[in-house]
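In case you want the letters, here they are:
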Amino acid sequence: MTIPLGARVPENYLTADYRLRSWLFTTDHKRIGILYLISLTFYFFVGGFFALLMRLELVTPAGDLVQPETYNRLFTMHGVIMLFFFLVPSIPAVFGNFFLPLMIGARDVAFPRLNLASWYIFNLGGLLALASIILGGVDTGWTFYTPYSSVYSNSYVLLAAGGIFIMGFSSIITGLNFIVTTHKLRAPGLTWGRLPLFVWSLYATALIQVLATPSITIALGLIGVDRLLKVGIFDPALGGDPVLFQHLFWFYSHPAVYVMILPGMGVESELITTFSRQRPYGYAFIAGSSLAIAVLSFLVWGHHMFVAGQSVFASLIFSLLSFLVAIPSGVKVFSWTATLYKGAVSYATPMLYALGFIGLFTIGGLTGLFLATLAVDVHVTDTYFVIAHFHYIMVGGMVMAYLGAMHYWWPKMTGKRYPEAWGRLSALIVFVGFNLTFFPQFLMGYLGMPRRYHAYPPEFQIYHVLSSAGASILGVGYLLPLVYFLWSLRYGAPAGADPWDATGLEWRTPSPPPTHNFGETPVVTEAPYAYRLREDEGGSP
Amino acid sequence: MGDDGPRVRTYLLVYVLLLGLLGATTGLAFLDLGGAGAAAALLIAAMKALLVLLFFMHLRGSPRLVWLFAGVGFYWLAILVSLSLSDLLTRPWFSSVLGSRP
Amino acid sequence: MNASFPPTEPYATLEEQRDSATLGMWVFLSAEVVFFGALLLSFVSYRISYPRDFDVASRQTKVALGTLNTGVLLTSSLFMALAVRAARKGERRGTIGWILGTMSLGFGFLAIKAAEYVLEIQDQLFPGPHFYLPGADPGHARLFFLCYFILTSVHALHVTIGLGLLGVLAVRAAWGSLCREKGHQVEIAGLYWHFVDLVWIFLFPLLYLLGRHPPHG
Amino acid sequence: MDSGFRIFPERGSTNAEGVDDLYFYLLLVSFVFSALIFILVITFAVKYRRRPGRERAARVTPQPALEIAWMVLPFALCLVMFVWGARLYVRIYEAPPGAMEVYVVARQWMWKLQHPEGSSEINELHVPVHRPVRLVMTSQDVIHSFYVPAFRIKQDVLPNRYTSIWFQAIQPGEYPLLCAEYCGTKHSGMTGRIVVMTDPDYERWMSEATSQGSLAAVGLQLFRGLGCSGCHTGAADARAPRLEGLFGSRVQLEGGRSVVADEAYLRESILDPRAKIVSGFQPLMPVFRGQLNEDDLIRLVAYLKSLAVREGRPDQP
Chain H
1 MTIPLGARVP ENYLTADYRL RSWLFTTDHK RIGILYLISL TFYFFVGGFF
51 ALLMRLELVT PAGDLVQPET YNRLFTMHGV IMLFFFLVPS IPAVFGNFFL
101 PLMIGARDVA FPRLNLASWY IFNLGGLLAL ASIILGGVDT GWTFYTPYSS
151 VYSNSYVLLA AGGIFIMGFS SIITGLNFIV TTHKLRAPGL TWGRLPLFVW
201 SLYATALIQV LATPSITIAL GLIGVDRLLK VGIFDPALGG DPVLFQHLFW
251 FYSHPAVYVM ILPGMGVESE LITTFSRQRP YGYAFIAGSS LAIAVLSFLV
301 WGHHMFVAGQ SVFASLIFSL LSFLVAIPSG VKVFSWTATL YKGAVSYATP
351 MLYALGFIGL FTIGGLTGLF LATLAVDVHV TDTYFVIAHF HYIMVGGMVM
401 AYLGAMHYWW PKMTGKRYPE AWGRLSALIV FVGFNLTFFP QFLMGYLGMP
451 RRYHAYPPEF QIYHVLSSAG ASILGVGYLL PLVYFLWSLR YGAPAGADPW
501 DATGLEWRTP SPPPTHNFGE TPVVTEAPYA YRLREDEGGS P
Chain G
1001 MGDDGPRVRT YLLVYVLLLG LLGATTGLAF LDLGGAGAAA ALLIAAMKAL
1051 LVLLFFMHLR GSPRLVWLFA GVGFYWLAIL VSLSLSDLLT RPWFSSVLGS
1101 RP
Chain Z
2001 MNASFPPTEP YATLEEQRDS ATLGMWVFLS AEVVFFGALL LSFVSYRISY
2051 PRDFDVASRQ TKVALGTLNT GVLLTSSLFM ALAVRAARKG ERRGTIGWIL
2101 GTMSLGFGFL AIKAAEYVLE IQDQLFPGPH FYLPGADPGH ARLFFLCYFI
2151 LTSVHALHVT IGLGLLGVLA VRAAWGSLCR EKGHQVEIAG LYWHFVDLVW
2201 IFLFPLLYLL GRHPPHG
Chain X
3001 MDSGFRIFPE RGSTNAEGVD DLYFYLLLVS FVFSALIFIL VITFAVKYRR
3051 RPGRERAARV TPQPALEIAW MVLPFALCLV MFVWGARLYV RIYEAPPGAM
3101 EVYVVARQWM WKLQHPEGSS EINELHVPVH RPVRLVMTSQ DVIHSFYVPA
3151 FRIKQDVLPN RYTSIWFQAI QPGEYPLLCA EYCGTKHSGM TGRIVVMTDP
3201 DYERWMSEAT SQGSLAAVGL QLFRGLGCSG CHTGAADARA PRLEGLFGSR
3251 VQLEGGRSVV ADEAYLRESI LDPRAKIVSG FQPLMPVFRG QLNEDDLIRL
3301 VAYLKSLAVR EGRPDQP
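Chains as they are written, first to last, in our numbering: chain H, 1 to 541; chain G, 1001 to 1102; chain Z, 2001 to 2217; chain X, 3001 to 3317.
Okay, chain H solo, but in the shape it has when bound (with noise of 0.2 Å):
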């Protein structure tokens, strides 16, 4: 596809058409990325109105604001609309769909169809639970425990239940797709050392989705079939299990939160090398962990089950086999730390979200080990420690690498510039109240505060204001992103092919790349991150 000389605007897959039709019927994974972009914004933004209700309930300690059946449906909604309708899908289907072609040289897809499919079957989902929403919500909590969810439960858990069901399906088709992408639509020259580290954590990801989603399917549908016949699968009455259904979602849900955060993870690489101009520090290192993380995912479930009747023996085996993950983690966080010595370090808004999410990772991180350690995790499982610690990994891991792949690729993606000014703004707004909000969460579940409560023991409350406080200040610093991305659409200066100086073949075409991404199919001849380097000094560290 050659650029029509003397067109006043050059051709690209924005321009390509205009009609709405072209956009919901279109095949091309750039335009496919966007509807998800916009999906999946909307959808942040209702599980964030979700937390600043429950931070609201809790400024006080006695349960005053809201009822407790509401104050259920609020964390209960807002673990299932953040987790599945926009932690899940998030870097992966925007960010992956977007430039996962591009990075490799490829025109589009495996399976464009399917990939379109796959947008509209997350919809579908996201309606489904919206619908159970507004019909007056789901209190089971996200983890749909049995036997509550599947027999005691008088809220819509069956529309919600049914929306992750079908949402599950999405991220399947995503998964295929990535995978025989990479496999079999690399340019030329383009082998699997020379690959983008993005690209190696949208891989392994891609694996989790496949492999772990079919167990939550499993799981969340036998708690369907028990809520329509009125006999279960999981029902104690009948000498079934609970502890089973734990085993089906957590062989899911843990590796799930390996596909919230390897792709912040491969973002993270993306960032640190192209604003240090530095070659990463051991890429076998990092790429290698992205799969080792993606295997070793699956093998640590039962750590969230050492209080829950598990027998000792297997969480003795689950919290060895935990620490296994800490390994491939602590490379990455080396890695990323080694590539900034004697790097060309700047300070754009991408790289703010990238140092800050180094950090926040490695509090999160390190406090995983205390819930890897048996007797530890004993006392602050099921409390605010959790809650902390999980929320250091997706909020302050994957939705600050969100955010710095947005700033990042925005240019990219728009053929934009957004107002670099205020990108720091937030970016330091994002990470004080963050730090504000969850830090002392960390405390506050050590000293036994349970999670899930509506009302609680006033010794706690100074820790929920400094937290609520936090909350509001985090929402301030999403919401200013929304409104100068927004206005950059219009009013931002014109991004160029290249604005960060970065290596990768998504910089080699323009801003907004054309419909078919490449005027001729590249060719690749060296290593990825091949930054000019000053050849004056050198050295190890």
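Sample of chain G residues at the chain H side, in silico, Cβ under 8 Å: (1) LEU1065; (2) VAL1072; (3) GLY1073; (4) ILE1079; (5) LEU1080; (6) SER1084; (7) ASP1087; (8) THR1090; (9) ARG1091; (10) TRP1093.
I should point out that these hints are in silico values taken from the structure, not numbers from a laboratory.
These numbers come from a predicted model, not from an experiment.
Every residue, glycine too, gets a C-beta built ideally from N, C-alpha and C.
Given chain H, put chains G, Z and X in place with the hints provided.
Chains G, Z and X in isolation, oriented as in the chain H frame:
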């Protein structure tokens, strides 16, 4: 491209084998083999599955990548089953009563 | 390659497209393995916990029909393999014939399965309010039949989807648009069909056969 | 239960001391590593910031040895965490001999706690200081979780099953008892307190508490009322196994397996006698699933356990 897959004779042979194994597993089920009964049934099922995979699904002669993904599902399933059963089967091991016995 | 039948986006050659589609189907099947595996895990763990009641319950399944049905499905797999072979060789009539053969056996399987369901519901074995099975703990026996109905109906759903796929292919083969691409669509559908057979190969002994022998003691 | 500002929870049990020590070790490791990372990141980011004349990075040759060391050393520290944590964890499931027992029945949204002597409490548990207390817990509806932060213990309480942990309080006082597993609308109201008393205080409380007879005594009445004693006569030629000395012993089952007769076994054998047939007996006993509530089951189990005490442990009260 000359790969029309296995010859018709091969297919028929595999089919006869499959039916034979079906007969064997059904027949064995009516005998009391004790604990070996379940093992025999699963072993025969695995053999049948292997025949289907190798010949009907043309795994034999497929590239390594296909082998990889044919194996990956079973490998992950093995993880799910073995670790879940490591809980279920060992629950009686730690009976807190033992500690409280004189 | 036939120039009148170009590969679709994003592929440069038909060969690439065919390889990708095959790989994609295998990746999908690996997800299916975990899908059925998770269900089977539930069944197996209860079977381990309540062996006696599950033995009693599994003796109520219709083993003759089950064995017959296994034979039907295995035969359909043979037909499917022959359909793929015919498609690869570009034999249009052979392809259509074997696909239709496969489909009729698939419908046969569903019909026999439905007959079993009817018999089982008549025997009050459906784990609803009318469930009745003397000689076993009622809860555990319900669990067995719950697993049985879920596993077999999910499998039957897969058979139905397979029939849909084959139906589309049969029509397209009749139009003549299949064979020119060396039948790779038939091959992909074949992989799926064989997989459904493979699942049944495990379901049959687990549900029908274990505990079939007369109880000792 | 003061409402003052705290940064560290009170320690009420022997277990709390062990867990806290481990917690400090984890904190130390975390502080060292996060400080190391933060200092390096900040130092590098400042020192190597992009500026005129330094627009490009310098060549750095990665040292695989450094990467390997970074993998091995932290993992060694992790192994310490594992072993340490595992030892403490196993301990909370192994009650010392002669532990006092309390039966816990959880339901939406209250705790019922029963002493073997017969007194039962709602959302409140009185225990003596310095004595191991073993909890045998079950739920009537959904999953709950017995959580006493001051004791650093938590255990899910499951329907249709017994779970068990133990603790030993080290200081008289009142400690909050919480439900830690989300259990429905009033989950956050499912709280109570553990009242730890000195021995004399506890004796006094016990003597004042109302009781309709010990659990075992009520259990014996049930045992007779349900007709169990017709077969479980204890005689050598009885149609049913002898129950004296059963609890805590190893039972030989049909088919060659054997099982320790703990509370879970007793419970299962009452509700679903056919699940595990004792070697040499016929499966004649009727099924009691659905006919006994959790409270009655506990009484029966307590009675069966009392038979073992009389046989095997004459020194016990």
